[in-house]
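Undergrad: Spelled out, the chains give:
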Amino acid sequence: MNAKHVLDLAWVIPALPALGAVVLLLFGKRIGEPRAGWIATAMMALAFVASVITFGALFSLHADARSHVSDGYTWIASGGFSVQFRFLVDPLSTTMILFVTGVGTLIHVYSVGYMHGDPRFSRFFAYMNLFAASMLVLVLGSSFLLTFVGWEGVGLCSYLLISFWFERNSAAVAGKKAFVTNRVGDFGFMIAMFLIFSKLGSLDYAVLGGVHRLSSTTVTAIALMLLLGAVGKSAQLPLYVWLPDAMEGPTPVSALIHAATMVTAGVFLVCRAHVFFDISSTAATTVAWVGAITALFAATVAVMQNDIKRVLAYSTISQLGYMFLAAGVHAYDAAIFHMVTHAFFKALLFLGAGSVIHGMHDEQDMRRMGGLRKYMPITAGTFIVGWLAIAGVIPFAGFWSKDDILAKAWFSHHYALWIVGAVTALLTAFYMTRQVWLVFYSDERWRNPELVAATSGEAHREEHAAALGEAPVMHEEAPASSGAHADEHGDFTPHEAPWTMTGPLVALAGLAFIGGAINLPFTKWHLEFLTSWLEPVFAGARVINAPSFSQGLALSTVALVIAAAGIAWGIRVYGKGLEPSGADPGAERIGPFARVLANAYYIDVGLSRLVSGPITTFALVVSSWFDGEVVDGLVNGVATATRTVGIGLRRVQTGLVRNYALGIVAGIVVLMVWFATRVTF
Amino acid sequence: MVHVLAASSHATNQGFPLLTALIVLPFIGAVVALLVPVRRPELIRVVGYITTAATFGFAVYLLADFNTAQHGFQHYQLVERHRWMGEFGVQWFLGVDGISLFMVALNALLFPLGLLASSKVEQPKSFIVWMLLLEGAVMGVFLALDLIVFFIFFEFVLVPMYFIIAGWGYDNRRYAAMKFFLYTMAGSAFLLVGILSVAFLYQRAGHALTFDSTVLVPWASAHGSLAVITSKWLFLAFAVGFAVKIPLFPFHTWLPDAHTQAPTAGSVVLAGVMLKMGTYGFLRFSVPMFPQAAVDLAPVLLVLAVIGITYGAIVAAMQPDLKRLIAYSSIAHLGFVVLGTFALTTQGISGGLFTMLSHGLTTGALFLLVGMLSDRRHTREIAAFGGLWKSIPVFAGLFIATAFASIGLPGFSGFVGEFLALLGAFLTSRWYAVVATTGVILAAVYLLWAVQRAFTGEPEGENVGLPDLSLRELATVVPLLALSLFLGFHPRPVLDRVDPASRDLIAHVEQTTKYRQPAVANNGPKVAATVGGK
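These protein sequence lines are chains U and F, in that order. Mapping to the working numbering: the first sequence position 637 is 637, numbers consecutive. Mapping to the working numbering: the second sequence position 317 is 317, numbers consecutive.
No lab work stands behind these hints, which were simulated from the structure alone. Among the clues, some could well be false.
[As the list claims (entries may be wrong)] Some chain F residues close to chain U (C-beta under 7 Å, calculated; not the full set): (1) SER119; (2) VAL295; (3) ALA317; (4) LEU420.
Note that the structure is a prediction, hence the values are computed from the model and not measured. Here a beta-carbon is modelled for each residue, glycine too, at the ideal position from N, C-alpha and C.
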């Protein structure tokens, strides 16, 4: 069997988790816990093995031949429009499937422990497998439309998993919000596809070679519409609002879908369709600035979040911003590099947060944590690796990928973007240090119920105050609100998670530590594996290299200094945890602005008020007044008038339909005769 | 005279009169049911099931027998032609092509399911009789190729439907039934005027009077047969009749009342097949007969379609009644069909035809599900529900899956149809398509909002302890959902039959007018002459 034959079997990769999903949806209840979880995990592991084999087969080919479209069937055909259900195996999709299935497998293992005791245990794994299958279709699809199939599939699974604990109203609302906001982006994706078909006659990625012949207006329009889709899926400004709320889902979901994989789909789309952005500098600049502003914006918000998962959610938005920044300066390889390392360390951080929540009996407020490293050593140790990675400390994975992005921004002369990126890096190191100190260092505030009560009463975030606490175990009853179960604290000891949860943490920590090795910036020794691997995909894009090694080194040093400064600053402010009064020392320093940050500049609140206020009112006026009174009123008016005339004309009338029918028939006959005799036209 | 007319291109069916059987069988069933005494309701039900199942069997045979390779404009298959009211030029003239094929199949599928869903209905005898009459009449609408026969069935459909709504509906059924009857009948008056005028004009031009559509269509569409202004007026006359049926904004207000008040089976049939009589009429008669007027007046229809899509969705979102919400969503879905039709591209028309089928499956399933919910809770008020996902999980799972099918999630049939309709519309009517695409956002809004309110949260009060779906109920909904899922992944069995008909229709419009659809619609990637691979 030669390599091409192996690549023709790429359909197996999404088919495995799809099969798992079908089996678990139909028979999950009977299979039960924990077998359902292990079946799902096995499907993911097999998909990972298949991905590795695919990678090997592709790797064995010559670099120029590393693009293969597998066999498939014609899905939709109408006139000149036809779409095949086929998979494109190339370095980009192979990179994606490797980390999606790899990280996915680890998160599945973790979930077996995390979801223990949930009444819908098997259903959870059915959705998770369905998600994985959709995500794999998304990245492997050989056309925009097939990618869109996966795109919508992951959206569906995201909806189902965010609102997995649908008994809780906030979870249900968050799921709906995610789906609808994503649909706004999908609108852009669809328009882009219509434009591409109308100009190129096909939605296959194979026709992208013809893009350079299109008018620049068309290219820019397509690129911006694709960007709209990407912005929705990857939670960039202004469509980011769904992601913080998506934390309502179980934590493994946040790790897999809302950090490591699904949210990177937007970045993937921009990279897959890079030719549009190569040509349209307007679109590329827009991408870069959307990313940069989102990165900075979300980093500032993360600084003042108290919910352990919300910090990570805003951090994810911010890191995705980096990826857009990279793509916008045509450094697609750097974007993918950061996507991979981010998958490692952010999945690690989320799973670590889940372990903390688990060990703290469903507590999510960092103000009621502290000193946990003594009780949860593995969680703490691995979380610290994740912290160093995201903060950009050498030699952790995040250092290399973030440095790659900043360097490429600098060396392509986007100095303003570099500055925004550097400031974001400083803030990233700061807010992550704050998180690590509030959770794992500082004093054990959970021992002190009075303080706990005080902090929960004060400075609660305005809109999302209700029931953010999640209940990974025993959520048979609706989880109590944060305030209510605060009383239970103080009389328990936080505990380390079972091996199913710590095992994946250790594995991810290893990846977050050495993950940078896939793309070290030492061109001389050919260590930029990822960049040269992806090179055939991004052929035609501008290549950005440091003019000299020393310049690259200087820039990296600056980046390291920034990371160190952020960490030092964080320790300085939060080294002792909260103030004795329970107040946040950082918030004290910046005064009323802390409130603005804690509420994410009131954008989400503002949008919610707009929707629930004027927009709902408008819809109500349209539906009850316009449709009910005007349109229907007119109809009934005509009917009444007819009846009045009818009553006038007839002596005896009962209002039976047959009489009206008779009238109509009579009218028709009159008209008919009139037509038959008069029409000459 | 019949012989002269039969000389047109299609072969007349010499074997078993399958199409006549599809129409007559339900009528025979109705007569048999009428003969069974009222005190034997179980026997009457058996008659109903057997008749509809046999009709479904015939429809399956029709699908199998349909020759995909045989097509061409007005090239019908299994044609039957018999002299009927010869002196008036009326013939019993039936035939099937890619435009009508799946409407016949859908009709045959929905009736047995509808009867199965109404097994507890009061006065089963008259109910089943009316239902069977309705089925036969709808078959006639989609199979008749003689304009008068078509019109007779088109009108006759109203009678059983009127009695079904008025007899077995909810509280305000009489008002709704009468409104439905009068409104659609008023629309039909225009249609009849249109039909008679075309026939008389044909006669005036020196031909023998006929209502044979395969004669009138080529004649009326030929250049010079009708004055431009005349064909515009006639187009409008037909259009009013069909627009009321679809219904298009602003002729839609009978629909929510009729749907809300109709019993479950009535709603299923109404949404599933009866609304499509309007879009079918456009594709079968209006566009082929008056192609120039269709081209010229397309913007009017496109505007109404786009209004239907957006306005229908906005109004749907605000409905407090779940059934009303679905009724308004039908207006939006049918808007996609009209949009695709009057985009006058292959993809648009195929997308529209596909949506006609898909909407029958998904909305049919939604109405069945709402009926089951209403049986349990005796209300359809969304605000009265809550937490149903927990109390009746199987029902909730099916409802939510069907909701996503209706939203047009890829993998379900709705996506294929709506995507093709929008794509086809974008080629000729870019900005209409762009506005219509917002419909995909709005569909998610109104359905998921309703799902959130009715299904999530903790169940309270009467929403606790409801029985989940019975096997019988599952048997009514699951086939529809499964079919939607199947066609979502494998739409070719439908597209391979529908698409040639769309191409032939567009070719006819191109032959009779100066209109040309964009080359890309025909040739796809080959067109992009400017495109070279690297």
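Undergrad: Each hint needs a verdict: does it hold in this structure or not?
TA: Tested hints:
1. SER119: 27 Å, violated
2. VAL295: Status violated, d = 18 Å.
3. ALA317: OK, holds: ALA317/F within 7 Å of chain U, min 6 Å.
4. LEU420: 6 Å, holds
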